[in-house]
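*Asks:* One line per chain: the protein sequences are A, B, C and D, in this order. Note that this note's numbering gives residue 48 to position 36 of the first sequence, counting from 1, and the numbers run on in steps of one. Note that this note's numbering gives residue 154 to position 142 of the second sequence, counting from 1, and the numbers run on in steps of one. Note that this note's numbering gives residue 147 to position 71 of the third sequence, counting from 1, and the numbers run on in steps of one. Note that this note's numbering gives residue 131 to position 55 of the fourth sequence, counting from 1, and the numbers run on in steps of one.
Check the hints yourself; a few may be wrong.
Cross-link-like lysine to aspartate or glutamate pairs, in silico, DMTMM-like; alpha carbons within 20 Å at most [as the list claims (entries may be wrong)]:
(1) A/LYS195 x D/GLU121
(2) B/LYS349 x A/ASP312
(3) A/LYS49 x A/GLU218
(4) A/LYS487 x B/GLU72
(5) A/LYS117 x D/GLU121
(6) A/LYS16 x A/GLU397
(7) C/LYS80 x C/GLU219
Residues from chain A that face chain B, not an exhaustive set, calculated with beta carbons under 7 Å [stated by the list, open to error]:
(8) ASN269
(9) GLY308
(10) ASP312
(11) ALA314
(12) LYS315
(13) SER321
(14) ALA358
(15) GLN361
(16) ALA362
(17) MET365
(18) THR374
(19) GLU376
(20) ILE437
(21) GLY438
(22) ARG489
(23) VAL491
If you're looking for bench data, these hints aren't it; they were derived computationally from the structure. Each residue gets a CB set at the ideal place from its N, CA and C atoms; glycine is no exception.
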Amino acid sequence: MELKNKKWTHDEFGAVREEILKQWPTGAEVDFEEAVKYHENIPAKRQFAKRLIKAKKNGETLTQPRAGVALINEHINLLNFLRNEGEADLLPTTIDSYTRQNQYKEAENGIEESKRAGRSLLNGFPAVNHGVKGVRQVVESVEAPLQVRHGTPDARLLTEITLAGGFTSYEGGGISYNIPYAKSVSLERTILDWQYADRLVGLYAEHGIEINGEPFGPLTGTLVPPSMSHAIGIIEGLLAAEQGVKNITLGYGQCGNLIQDVAAIKALEQLAEEYFAKHGYNDCVLTTVFHQWMGGFPQDEAKAFAVISWGAAAAALSKATKVIVKTPHEALGIPTKEANAQGLRATKQAINMLRDQPFPITKEVEQEIAIIKAETRCILDKVFELGKGDYAIGSVRSFEAGVLDVPFAPSNYTLNKILPARDNIGAVRLFDTGNLPFTKELIDFHKEKMEERAKVEGRKASFQMVIDDIYAISKGRLVGRPNSK
Amino acid sequence: MELKNKKWTHDEFGAVREEILKQWPTGAEVDFEEAVKYHENIPAKRQFAKRLIKAKKNGETLTQPRAGVALINEHINLLNFLRNEGEADLLPTTIDSYTRQNQYKEAENGIEESKRAGRSLLNGFPAVNHGVKGVRQVVESVEAPLQVRHGTPDARLLTEITLAGGFTSYEGGGISYNIPYAKSVSLERTILDWQYADRLVGLYAEHGIEINGEPFGPLTGTLVPPSMSHAIGIIEGLLAAEQGVKNITLGYGQCGNLIQDVAAIKALEQLAEEYFAKHGYNDCVLTTVFHQWMGGFPQDEAKAFAVISWGAAAAALSKATKVIVKTPHEALGIPTKEANAQGLRATKQAINMLRDQPFPITKEVEQEIAIIKAETRCILDKVFELGKGDYAIGSVRSFEAGVLDVPFAPSNYTLNKILPARDNIGAVRLFDTGNLPFTKELIDFHKEKMEERAKVEGRKASFQMVIDDIYAISKGRLVGRPNSK
Amino acid sequence: MENKVKVILGVIGADCHAVGNKILNHAITAAGFEVANLGVLVPQEEFVNAAIETNAKAILVASLYGHGEIDCRGLRERCRETGIGDILLYVGGNLVVGKTDFAEVEKKFIDMGYDKVYAPGTLPDQVINDLKNDLVKRGLMSE
Amino acid sequence: MENKVKVILGVIGADCHAVGNKILNHAITAAGFEVANLGVLVPQEEFVNAAIETNAKAILVASLYGHGEIDCRGLRERCRETGIGDILLYVGGNLVVGKTDFAEVEKKFIDMGYDKVYAPGTLPDQVINDLKNDLVKRGLMSE
Ligand code: B12
Ligand code: B12
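Let's have the full structure, built from the sequences with the hints guiding it.
*Replies:* If you want it as structure tokens, here you go:
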């Protein structure tokens, strides 16, 4: 099939579907009509989209953890624990890494080894292997809206099984689940495969079942400038909307400078409304998600709590619709359920203390919003141009050209030419703008900001500065200054 | 001796001193001349005043815990632990409650019981009982500037012993160590007794030994409006300056609304500079201390970490010179050294992540600064007026008249007429301004703010609202809304 | 006119924590009791004297600051010596130094002769409920 | 011209964590080694093949995502089978699922045949130091 940003026909979808459901025996359990009926009976309080809309209306910031283990009962216990002891508003099911790479045999092996070991040897829940029945056991045992969270380049079978299983929200996109997660899978391939997943969500929508979709905002989680993640998020949102997705949450990973973080969420909201309207997707409900710091964490739990709490504060002050929560174990390993609940409770406390405090839109915030919007527009409009009016084709060409570029990504399909570093007040800037289609003013702006910092530190901006910034938060700072400073 | 705000003569001081040093056998260990020599040999890095001045110059926010146990060696271990594992910049010695009430026999008993029990049965370090020699053991075993922190209405002997022992900073004042800490000790008495303590610091200053003094800013720690604690802090600062204290740190206990907290520190700095200059104390170095939330804490440690981290963030954003740190054990009991170090490390992480981020002085912050300054001036000028140009006498009369009034204080010497509560965005306002000498505009301002909240909550401002606010943070919120809201 | 049951309230020893005391005073009064609130920094004998003077049915002792273990010892004996050995004795707050397993603390204070021991953070409603139940049980109050 | 010592670097299994890999690559190269960086998502045989092809003296295996226990098993055997059984094998990252006592993890991987096992958060300098020492000890590099 040729890539273009166009809603798949029923025939196109049907033909691929037949193949997909054969990829693993559990595919046979999927019965779309029955699944629609199943969804019709899911009570409102377990519907993700409804909960988000309510939160948006009330100005709430909802909390959501990451969590998944190999076995069904353990997974149910984990989720209920996070609901009851962690006071989580929304729940996830994080999928294991074998499933993400479609290595279902390895996943099966992991299930068996986990049973023997009496603890999870998988880093997530292998939903394909557990099948629709297994997934429904989970869905029915948990009193909260549930989302699939993964990082799967080809998630077609996973989507079929988890949605038929009753999940009401689904994370991912053809760019954000490729570039940070894969090495040699072509973008053309993953965008096509994600059109399938989005089309499936669209099909449910056509049958009256509202499923929330969420592009993965943070990408590599490592000094990604807001304009790059915004551009990619909005493109993925538009591609999803074209396939019929009606309830979309756009994401952003905390950079750490409060002004930039607040501005980023505001800019994301405004840009998304603008581009969705411009391209005629007027019936989409848009919300935002703020990810607490996604880069390297401090190993010390007390310090990790400070990073978590600061992320919670920034999320609340930016008025994002939900926040994805880290845990005090982040630097070391998949958290115990207790550590996960601790991260959630710290976050809840911070959010609740700040929910009544509006953050003033100062001129600094306004300037930052303007910068982020200008940059994002440069990128988006160039993508559109390269694709000759098609964002899907434009994305492929833009990654080739370095118009879209994700720092530190493992994929061979991103040029890796841009180099981000913090400026003197900790905002993420570009010390090398690579091939980004920025105006001269914008390029100069980044240059100035980096020179300002370089001067303060008495050194030139170099790759060492980038490395220092990567380690900074885990070593207890925001800006990676040389030791003496 | 008759109370007036006038530097004690050497004779006045000497006469009282003779009595004081006889109050407990260890008083005999005090030899002022020898103590001055002892201080002359204290290296700069252990001098509190020097460290504060450096921090002020560099825009640092230093961390300081509270800590004290009954026995000398345990206390030394505790302090070194907080230095090494807690990365504390400044160290305290918190004095036990018997010593604070001059019950040295009970303190002796507590020391004995602690020796037998193998754990501290006292809630602090009984410095008087340990004497100059005991104190010096501590001072010489710890590589950081050390401060005495207590809450002692009559601290004269304690001051003599701890300063002769080599402490370089001293907390307290005649108002702030009476009203929140005592029931039936007259203000006249404690202001006189604190003139003694301040005069002693002044004597050291005259001999070239710079000792830092710090009025206790947070008072009852419970919804104290910034203008009241600022007025009292500035009065105590002025009284101390008159007795010769040259290095003064003024304090403020976090209220919880970020705008108000940032504004409070800025207003405190500006007002203090103004009033010190106005009254001719031009050679005082003034710094500020921000106390993390001093009211009731959540019992859950994860939630406590969020309160701590948020306090750290507010301290850093307000650029206070130092921050006094709470611990995850706060709601339950005196912290273990581990919990204390955790609070310190979380604070350090938050401060370091924010040190490069200046908080914009927005129009909201400016307005709040203006309000706090206007209120504080109303109070201070009335105190001056009632004292006919004497802040000491004025303070006594002002407490009688309710011009100075500390909410929830145990003392019979405060009218307890003002009733604070939070407004709709969580700033501490007055739901009853009692007898405060506010202008009509200021009174109306408070009324409006309370009505705004009352309207949102669909109830009248009442004592129940005050109670709800007192419990709010420990129950996970800032504003104590009725359940349904 | 109903005769209100009298209770004594205070914070023992060298302890100055006043906030909880004021709230308890407010809540217990609102619940229909007559509270003789001694405030903070109250020595043992003052509790006992006040109870005798007012013919109180219960003494509510608070200790927040950590010295509760030392301060509260012997209060029951003192009550016995003065002829009010049966009076209801409640104690609450942050009774010992440090974060401790509450079951241990409870046992310690029960052994000292207190009828009920409250964990940190206890809300007034619970105290009022217990007070009513205990007084009804003892026939000192009608349901 | 000095002949640089060759080492193989890669992230094993289905693991896509790339940041540490890029930094290690940069640092080890800067320290004078010739690094064949296989990047992320590297199967065992690719490590072994690359080592044989380039005549590398060490293989540095990273596993961050938690499946290290499953993925790393058998690599030493595979080396033996292909005639490079003596090659220096380092492994590091976040090797197992969950926060675990590192001593246990270390033992587990030493038993699997790895020469050195690194705790989470190890800095490049330490790796480079150890590499130099081990290679000098084996006579594969001059001091
Ligand atoms: C950034 C990040 C991501 C990014 C990665 C982007 C990318 N492509 O690189 C994204 C968001 C995509 C991601 C995804 C996932 N992640 Co991740 N991630 C992190 C995070 C926060 C930082 C990693 C990092 O870049 N650190 C900075 C670099 C410089 O340090 P480093 O990677 O630790 O490497 C250094 C050292 O470890 C050492 N080292 C590393 N390897 C080796 C090898 C040798 C031989 C030696 C000597 C030394 C050495 O040297 C390096 C340089 O100093 C860590 C947690 C943390 N550390 O704070 C979690 C973490 C590694 N991720 C984790 C997991 C589970 C996942 C996911 C499965 C998702 C999930 N369940 O949440 C997926 C994995 C998908 C997959 N197929 O691999 C877990 C692993 C858990 C465990 N082992 O028990 C961690 C620990 C978080 C956690 N506590 O749950 N992640
Ligand atoms: C505010 C506060 C202060 C203020 C008090 C102002 C004032 N005069 O009231 C100031 C700053 C002056 C202060 C001083 C000190 N404090 Co203080 N303080 C607190 C704090 C933060 C809140 C207390 C409070 O007001 N809570 C709100 C009210 C509504 O709740 P409450 O007091 O707990 O009371 C409720 C219940 O406990 C219960 N209850 C209480 N008593 C009783 C009695 C009965 C019979 C019943 C049934 C129920 C009951 O009902 C109340 C209403 O709900 C607590 C820690 C916390 N809880 O978060 C520490 C705390 C009580 N303080 C403590 C200490 C040690 C001190 C000091 C010695 C200083 C120091 N070393 O740091 C001095 C004491 C000086 C002295 N002589 O007493 C410790 C006690 C430690 C311990 N027990 O191991 C605590 C726990 C903090 C800590 N973890 O270190 N403190």
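*Asks:* Give a verdict on every hint.
*Replies:* Verification of the supplied hints:
1. A/LYS195 x D/GLU121: holds, 17 Å
2. B/LYS349 x A/ASP312: holds, 16 Å
3. A/LYS49 x A/GLU218: holds, 13 Å
4. A/LYS487 x B/GLU72: holds, 18 Å
5. A/LYS117 x D/GLU121: Roughly 18 Å separates the two Cα atoms, so the pair holds.
6. A/LYS16 x A/GLU397: holds, 14 Å
7. C/LYS80 x C/GLU219: holds, 13 Å
8. ASN269: Result: holds, 6 Å to nearest chain B Cβ.
9. GLY308: This interface hint is violated because 13 Å lies over the 7 Å limit.
10. ASP312: The hint holds - A/ASP312 has a Cβ within 7 Å of chain B, the shortest such distance being about 6 Å.
11. ALA314: holds, 4 Å
12. LYS315: At about 4 Å, which falls below the 7 Å cut-off, the nearest Cβ of chain B leaves the hint on A/LYS315 intact, so it holds.
13. SER321: Check passed: Cβ of A/SER321 comes within 3 Å of chain B, closer than 7 Å.
14. ALA358: At 4 Å from the nearest chain B Cβ, A/ALA358 passes the 7 Å test, so the hint holds.
15. GLN361: holds, 4 Å
16. ALA362: holds, 4 Å
17. MET365: The hint holds - A/MET365 has a Cβ within 7 Å of chain B, the shortest such distance being about 4 Å.
18. THR374: holds, 4 Å
19. GLU376: With a minimum Cβ separation of about 5 Å from chain B (threshold 7 Å), the hint on A/GLU376 holds.
20. ILE437: Since chain B brings a Cβ to about 5 Å from A/ILE437, closer than 7 Å, the hint holds.
21. GLY438: Cβ of A/GLY438 sits 5 Å from chain B, so the hint holds.
22. ARG489: holds, 5 Å
23. VAL491: holds, 5 Å
Hint 9 alone, counting from the list given before, is not met by this structure.
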